[in-house]
Amino acid sequence: MQIQLNGNPLSLDKITTIQDLLDDLNLSGRLAVEVNHQIVPRSLFQSHRLNAGDNIEIVHAIGGG
Amino acid sequence: MTDKLLLGGRTYSSRLLVGTGKYKDLEETGKAIEASGAEIVTVAIRRTNIGQNKDEPSLLEVISPDKYTILPNTAGCYDENSAIRTCQLARELLDGHNLVKLEVLGDQKTLYPDITATLKAAEKLIADGFMVMVYTTDDPVMAKRFEEMGCIAVMPLAAPIGSGLGIRNPYNIRTIVENAKVPILVDAGVGTASDATIAMELGCDGVLMNTAIAEAKNPVLMASAMKKAIEAGREAYLAGRMPRRAYASASSPIDGQFF
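Chains V and Y, in that order, give the protein sequences. Everything in the first sequence is counted per the working numbering, starting at 11 for the first residue and increasing by one. Everything in the second sequence is counted per the working numbering, starting at -17 for the first residue and increasing by one.
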């Protein structure tokens, strides 16, 4: 299924949860996830299933003033 | 010095707040922050790089939230919605830590704040439980308005972000300080140590800077200079300076002159 991830289209071969997606992408540490402009709390990463067409943003802290 | 900065329910020994942007690399960032003695450090919130190298340290591994108070900013936001979203994402990634630096910009060239949008964003963020430190102009009326709506600190700019021009209107900064019941921190435009000292001599509670340190030829040395500059300015302020005079006032007595 197709989703949008950080502004780019991404094809997923199976329906996954947010945690599955993070594992696939090798992302860990302090980050926050938005699905369709709604924040999904970390406690729900294992249970929140992604749907086709979901617009996902994964953000972290970087250097800034 | 037992004179502490009280901000957002915590006390701090350092009145120097620093940003983490524009450094050569994370190692330099860490060393400069260490040299500065800063306890509050700003960060930006941005997309992760998909496909990043997992072994590369991330900023918060070098600047740990266990050791520093992390102050997420809304840098790059030109409207209230992106600023609010940024703060909400920051709070989530910092496990509910709700201290934020709010900046809503109005112009790409000067990076001057859009006050109207900032007011709207501040109102919503405060209602949502955030402790808002607000980046604003040196307009005393607006500074007071931000305080009255519930911002925990008001941060007037000295000069445009990254300009290094120092405080352009010391009289406005002094007026803001005199009117304020919340901490006033100069944020943006500091260029060198004396700029920071002047801010503290005007009675500011602290100074936030990034470019002044990161773009110095020797950032770690400048960070050390800034630490001393802030301390010197604060002591000078607390000491109560002598008055300025139009004419001379001799330092040595006239009595006992032998000529």
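Hints in this document: simulated from the structure, not taken from any laboratory. Some hints could be false.
[What the hints assert, rightly or not] Derived list of chain Y stretches under chain V, where covered just means 3 residues or more per stretch with a C-beta under 8 Å from a C-beta of chain V:
hint, region
1, 1 to 7
2, 54 to 65
3, 74 to 80
4, 116 to 127
Every residue, glycine too, gets a C-beta built ideally from N, C-alpha and C.
Hint-by-hint comparison with the structure:
no.: 1; hint: 1 to 7; in the structure: holds (count 5)
no.: 2; hint: 54 to 65; in the structure: holds (count 3)
no.: 3; hint: 74 to 80; in the structure: holds (count 3)
no.: 4; hint: 116 to 127; in the structure: violated (count 0)
The structure is inconsistent with hint 4 alone, although it conforms to all the rest.
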